[in-house]
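Chemist: Here is what each chain is made of, one letter per residue.
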Amino acid sequence: MQIENIINGQIREGARRTGFQVWSLPETTAHDVEFALKVANAQSYDKAVPLPETTALLASIGRDQDWIEESHLVEIAQKSGSPIKYLHTTVQRFNRWLAHLDEYVTSLGHVNSAGQLVRGGLNWQGGLTSSLILAGDEATLAPWALTHALLAGSPGIAKPSSIEPLSAFLFLKAVIKRGGRTPALLAFDSTQEHDRAQIGRIIRHTNQSVVFGEDHTIASIYQPLPFLPAHKAIPYWSGRSGVIVYPDADVVQSARAIIAGATEDRGNRCISTKKVFAPRSMASTLEQHLVAEADKLVRGDPLDAHTDLGVNEPGARRRAEQVAAGADVFYTRDFLMARCDDHADLLCNEVPYPAVALRYYDDGEDPVALANLSVRNAPSGRALVISVFTESDKGFAQAASRLYARKVLRNLPTGYWDPVKTHQAIHLCLELMRPCEAM
Amino acid sequence: MRNPAIYSYVVRFGDEALDVGQPDLDRKPLVDAFLPLLRAYVTDTFNRCTFHRERMQNAGFAPHSLQTFVDFERIPVMSSDSATAEFALLTDEHRLAAQDGLLDMPVANRMAKKFTTSGTTGRPKVSYYTQADWDGTIAGTARMLAHIPRENYSRFFNCFHNGHTAGKVWEDSFSRVGCMVENRHFSLQTEEEVLQQIKSGMREKGGFNFLAVPPYFPGGVRKGFTLNGLLEIDLDNYLGSHIRVILTAANWLDDPAYRLRQRMWDANAAAGTPKTQFVDCFGCSEVGTVAGECEYNNGVHLLPGVIYTEVVRADGSHVANGGRGKVLVTGLKHGSRYLRYMVGDEATFVSDPCPCGRTTPRLVHVERVVDQERLSRGCAAG
Chain A
1 MQIENIINGQ IREGARRTGF QVWSLPETTA HDVEFALKVA NAQSYDKAVP LPETTALLAS
61 IGRDQDWIEE SHLVEIAQKS GSPIKYLHTT VQRFNRWLAH LDEYVTSLGH VNSAGQLVRG
121 GLNWQGGLTS SLILAGDEAT LAPWALTHAL LAGSPGIAKP SSIEPLSAFL FLKAVIKRGG
181 RTPALLAFDS TQEHDRAQIG RIIRHTNQSV VFGEDHTIAS IYQPLPFLPA HKAIPYWSGR
241 SGVIVYPDAD VVQSARAIIA GATEDRGNRC ISTKKVFAPR SMASTLEQHL VAEADKLVRG
301 DPLDAHTDLG VNEPGARRRA EQVAAGADVF YTRDFLMARC DDHADLLCNE VPYPAVALRY
361 YDDGEDPVAL ANLSVRNAPS GRALVISVFT ESDKGFAQAA SRLYARKVLR NLPTGYWDPV
421 KTHQAIHLCL ELMRPCEAM
Chain B
1 MRNPAIYSYV VRFGDEALDV GQPDLDRKPL VDAFLPLLRA YVTDTFNRCT FHRERMQNAG
61 FAPHSLQTFV DFERIPVMSS DSATAEFALL TDEHRLAAQD GLLDMPVANR MAKKFTTSGT
121 TGRPKVSYYT QADWDGTIAG TARMLAHIPR ENYSRFFNCF HNGHTAGKVW EDSFSRVGCM
181 VENRHFSLQT EEEVLQQIKS GMREKGGFNF LAVPPYFPGG VRKGFTLNGL LEIDLDNYLG
241 SHIRVILTAA NWLDDPAYRL RQRMWDANAA AGTPKTQFVD CFGCSEVGTV AGECEYNNGV
301 HLLPGVIYTE VVRADGSHVA NGGRGKVLVT GLKHGSRYLR YMVGDEATFV SDPCPCGRTT
361 PRLVHVERVV DQERLSRGCA AG
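Chains as they are written, first to last, in this note's numbering: chain A, 1 to 439; chain B, 1 to 382.
Pulled out of the complex, with its shape left as it was, chain A reads as follows (with noise of 0.2 Å):
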């Protein structure tokens, strides 16, 4: 499949090519980039498609669930090794929620007869434009973004994945298709500082910006830049996810939910399970139930449909054991579990590779106070998800109410995630666009 640039909603094919990590992608150029903001200019403000049309299009992609093919997801099981059991999942999670779209829309607020979404009193004004700077390999966040981006109304440049760039311009391509307007999409290596300095030029230009990476992805796109007092930036920095279980916690339950939340698409997930507070007490028995549930992982080729762990590129293997340096690891099989102290890096940091730090508590010791003292210096200072296993009401709720974390879920996988809810705490498309009361 070739993957080209889009602007003005056409096929911009480029004059020359360029390998990106496995992917062949086009050259972008600053011409491009010009064409592309001129374009995003031109549909922003006042000429926002009402949200019932986009709404109404973008559900019907999720009822005929083409925008992508068995054939594009072999593709990209193959050059990202992501499972395809995983693919499966995530496109048929992805394309139910596209395909009740308009559930979720009314979820957030009602449309008023101007087609703008009304919550809290306030209409919800879109058409800022912006730029999406997408990253990672899963590959429904692209569609994902996109589609708060088309709700929003925001026109604007989206930068692909390197990682996984397919599924952005399948996206925007079935979006086309239909009719609908899009925002450009134009490939970068952000490794290259050529590239990185186009994406800031594209940043300083649109209202906002949305960017996902990891954390030292995040911080070189936006710290060569100077402050801009009208723009809105809207980093997704790294997940730091755990889980908290407490001694009346279901260890059995708790043991599965961590691998599933660890293991799931190999750990490349900013809602993957990275870190366990548990109480030392359970050590032993839930180390035996950790050990037991990762071994029943099938390991192996990624199309395989059977397949649970996928491959990782071989760096994250080795970046993971860097990290684990120093810790007690107690499992290495395609999948690192380690004690671990407070000051641990697997504790503190995140590692793209399926990878548990355990910090076991002791009574007196508070796994909220440890939970939140390993996201000190995290840039958001916060979990994007922390998981408290109990049994407890009133332990939960105390526990929910004091954790720095963006969610709190109970009982759960860390990995579990329901669309219609907010990710990172926030509507992605409420964020893109601006409130105005209307008296």
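Simulated from the structure, these hints should not be mistaken for lab results. Backbone N, C-alpha and C fix where the C-beta goes; we use that ideal spot for every residue, glycine too. A hint or two may mislead.
To be verified - Short derived list, chain A residues pointing at chain B, Cβ under 7 Å:
# : residue
1 : Asn8
2 : Val39
3 : Phe227
4 : His231
For chain A, the structure is supplied; the task is to place chain B on it using the hints.
Modeler: Just chain B now, kept in the frame of chain A:
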């Protein structure tokens, strides 16, 4: 032709006269309309300018022998080096009077304009124009717009520096044909400031629709602010929305490094407006506007009238259709007499019919000559 007579002006030498503003000049066989005037000009130059008379005599050329354009090729080629003396190319009368100015001459004989080249091909060249020369130049220039609907070039913004020949030519040509003309303000220092002037001018009337602008700076010579620079910063796309005609000067608009024509059309697409019409032209300070593009943008059509243009081989003879050679220009002026002057460019000469209906030949792939010395030394001109 949508503008049958946009500006009329009659050029005279001896007993010959020609209206160089009439667009029909581009649709008549060149020989009928032009050769008598060219002969009269050569004769006048021979009689009144020692510099050229001596050169013609040394080459064994007599003006009365000029009966065909092939005869014209016997006149020695003027190299760039031979044109550096400021007054030698004037008539003897002007040259001798220059010391004390031309105050005693009739107004019509005085000099109205003087331009100095930037000297990219050697030392700077100087070119004087009388008012009649200038009027002829701007009338010929205005013919370039003959194929464009008037409503598309009615409000004109001139990005060229007003001290540059092109800046003056555009201002006067398009004022004369009736455009509302505004020049880039002399105080502006940045492209952002120029763009702001463009955006704010003529606002009550819908803004400018016609822009003259250097495409980019290929040789580092700043003639004004460039289309390349303006397109880069015009992210609100004022140009794509408003500008219907762009006049540029002798740069390769489709250079892959700039892709100016395509970028402008992209800007049109972003704005939902028709493609802007480009009129790239070719000219020089020494003689004025030599050639301009038609609606097919497939080379620049020569503009016979006050200028006669040749494309020659190393021996000074004219190339055939499709041949490539050095460009020589002859300006039919009463001021500085540039006669078979090697301007410093080479081009491919195309006389195939053009779908636009003009009968004038075209120059394509006009490029600066790298080895100017070769012709300078090889011909009698030097």
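Chemist: Now look at each hint and say whether the structure bears it out.
Modeler: Results of checking the hints against the structure:
no., hint, in the structure
1, Asn8, "holds (6 Å)"
2, Val39, "holds (4 Å)"
3, Phe227, "violated (20 Å)"
4, His231, "violated (14 Å)"
Checked against the numbered hints above, the structure breaks hints 3 and 4 and satisfies the rest.
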